[in-house]
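On the provided structure of chain A, position chain B as indicated by the hints.
Protein chains in written order, with the numbering used here: chain A, 1 to 112; chain B, 113 to 225.
Wrong hints could be hidden among the right ones.
Said to hold, decoys possible - Simulated coverage check for chain A against chain B, where a stretch passes if three residues somewhere in it have a Cβ under 8 Å from a Cβ of chain B: (1) 42-51; (2) 61-75; (3) 99-105.
None of these hints come from the bench; they were simulated from the model. Where a beta carbon is used, it is the ideal one built from N, C-alpha and C, also for glycine.
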Amino acid sequence: GQQLNQSPQSMFIQEGEDVSMNCTSSSIFNTWLWYKQDPGEGPVLLIALYKAGELTSNGRLTAQFGITRKDSFLNISASIPSDVGIYFCAGQLWEYGNKLVFGAGTILRVKS
Amino acid sequence: DVKVTQSSRYLVKRTGEKVFLECVQDMDHENMFWYRQDPGLGLRLIYFSYDVKMKEKGDIPEGYSVSREKKERFSLILESASTNQTSMYLCASSWPWGGVGYTFGSGTRLTVV
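Pulled out of the complex, with its shape left as it was, chain B reads as follows:
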């Protein structure tokens, strides 16, 4: 089975801290994605990557950056955490061709205080 592993299930950080959320997948997928999930707003795409060292902005990239130095790892970075970034963060991966869905990680619930 494909596994997408997010390093932390719960995180509490202070306002202004630099925060790293890590995601690792074990199926050699080219594509990786970061979403945030808020009640009533569904899944909103922050950034995605189609290959190592490639990244593209999603719908809500402000306040975030990403890093993909190795194919299996995609990191989401909050440069200076703010309380409005308190959310559930979901990582996903997939093959690059159509007709297949994503495999999601279990999520990281981040609270910024």
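Chain A with its partners taken away, still in its complex shape:
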């Protein structure tokens, strides 16, 4: 099945650093979403983007819906130890069934 190209695959950063990850696709989407999965848990929705060019923040998180509708990025500012986990991007078409297409995930490890 289709999968989004998410990069980087993993990151190991110092506490306090900013983090950036992105997702690209060969097809357009109507919605981009970013999920975080804590170790041993299911993914939890962080940010949803609904409009091309939209920039949305949620605390230290900022995400953008690419103008071409084929990409999105997520930035985390001033990382802290609890930011560790796996971050997934997902694209969605507004069609019956509401299926999401996921990226392979970015594993974030923070060195305190």
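Just chain B now, kept in the frame of chain A:
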């Protein structure tokens, strides 16, 4: 808050056993999904269901079946468990229309020995 509850957090089963993974959601969502998650492979869709008694194959349905007799419950069945089905299994639910994401359960880590 929407809750998706998976009946077991950890399971250990023997090769050849029939295994049932249960998922229940409490928000009257029409759509339900089963994924498996393996390191480096992301989330792979096994089966999904848009309504009671409806089911459709995802990307990796081989070796699995599903059952949806009631709207709130979606069961994943491993007919004859094998060691290559050792994985983290995630259930999710959503509304049928676009623009909303999924709500995931906490996952079931299945080990087949």
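Checked hints:
1. 42-51: Our answer is that it holds, as 6 residues pass the Cβ test (under 8 Å) against chain B, meeting three.
2. 61-75: violated (count 0)
3. 99-105: Check passed, 6 qualifying residues.
Checked against the numbered hints above, the structure violates only hint 2.
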